[in-house]
Amino acid sequence: MLSTDKKRELIIKLYETGSVSLQRANEPSLQKAPYTINLRLLNSYPLILKFVAGLFGNELKSRMFDLIAGPFTDIPLATTISLEFNWPMIFVREERKGHGTDKLVEGNFQPEQGVIVVDDEVEDVADALQLLGRLEGSGLKIVALFLLLDRGYGSTETIRKKGYQCEAIITLNDIFIELFQMNKISPEQLKHLTEYLASEKKEFLLRQRMEES
Amino acid sequence: MLSNINLREQLILDLLRINAIRFGKFKLKSGLISPFYLDLRLLVSYPYLLELTAEVFWEEMRTLSFDVVIGVPYTGIPIATAIALKHNQSMIFIRKEPKTYGTGKFIEGEYHAGQKGILIDDVITNGESKFESITPLKQAQISVENVTVLLDRGQGGPELLRNKGYQCYSIFTINDIFRTLERYKRIDKKTISTCLKFITETRKEFLAKQKSS
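Respectively, the protein sequence lines represent chains A and B. Take the first sequence: its position 54, counted from the start at 1, is 54 in the numbering used here, and no numbers get skipped. Take the second sequence: its position 184, counted from the start at 1, is 184 in the numbering used here, and no numbers get skipped.
One or more hints might be untrue.
What the hints assert, rightly or not - Chain B regions said to be covered by chain A (calculated; three or more residues, Cβ under 8 Å):
(1) 138–144
(2) 193–199
Unchecked claim - Using 25 Å as the maximum straight-line C-alpha spacing, the simulated BS3-like pairs for lysine-lysine come out as follows:
(3) B/116 - B/164
(4) A/103 - B/25
(5) B/86 - A/61
(6) B/29 - A/103
(7) B/86 - A/6
(8) B/105 - A/13
It should be emphasised that the hints constitute simulated quantities derived from the structure, not laboratory data. As the structure is a prediction and not an experimental result, all values here were calculated from the model. Quick reminder that beta carbons are idealized off the backbone N, C-alpha and C, glycines included.
Model the full structure from these sequences, guided by the hints.
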């Protein structure tokens, strides 16, 4: 579990780097969401990357696994965790190369090894499942999918329903509540954000149900 | 007795040990049979070796002028990350395929127009693929003055880049690798002469092809 201090420190860092940014109170709404999230910005701040890797390490070091794996876009995060904790890493290619025999998973690994996949967040459930499938297709066992952020729309639940362990260090709701407690947002803003989250979740579940039926 | 082996030589011997350099018969994309094979992607599974690689890069880069370290997919990204972490440098990376949704395009991370970047990659062959990274950077108004790679395969890559006005540094040539392996008695004379013959022949063919096109 993340301590309150570490959680607050993480939220301040996400907010200050603009990785999570909120629409100002009186700004006319040009986009649908009252917030924008771009966790890839963290890659450009080595000290923050190390801090985030430390949070992952704390959660992961008591678990049994052989390798950590990063999807293409999270190679910097996976690399940082690997270097900070001396865990071997592999990565999954973004696409299949032109010629057929090439591997989708790069690095040194053996069949049956246990893998923890680290990712900043699940933007698309189908992409995440494809990634896990590629690792399994290479003979590896998925121990868990570990995320920095769960937006709380329902993607982690969907992945869990497919039989994978999936956890996140922080939720979007955690961030909003913490920002409210730090007086960064007003009660009205918090209400608006929470309502927006609830509507996104409803929409996500509806889409999911339609896809399943 | 203390060995006075330098970091570069150490890295070459370690690359052989982890099978990133192999000798035998390997069919290449072109259909040719090569007497050696290099897979530098294996580096990511050996955290200390990735750190050693970053150090070897840093020796080469430390006197150059740049604002941001740029990782080229795939192996350039973990190398750039390791450099950024160790020396507290700002880092961005290039995508193999631009995202079709969300915030990112070709470049991930925090950057600003007018910044000077240094491109980091594992290998340079004929150099053409480096422009797939340089072009989107130029569009984002990041100027690339330097390209630094671990290995020059001897197919004219650095010459092409220099002709187009970029500085290009390679840490090893393929011949450096063979010479070091010979000096430390890791491979025999016969293997070396087979490899050198193969390189000379493919380079001749390559230059002939370039002339005719």
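Consistency of the hints with the structure:
1. 138–144: Contact hint for the region 138–144 of chain B vs chain A: violated, 0 residues under 8 Å.
2. 193–199: violated (count 0)
3. B/116 - B/164: holds, 17 Å
4. A/103 - B/25: holds, 19 Å
5. B/86 - A/61: Given pair residue 86 of chain B, residue 61 of chain A holds - Cα atoms ~22 Å apart, limit 25 Å.
6. B/29 - A/103: holds, 14 Å
7. B/86 - A/6: holds, 23 Å
8. B/105 - A/13: holds, 23 Å
Comparing the model with each numbered hint stated earlier shows that hints 1 and 2 do not hold.
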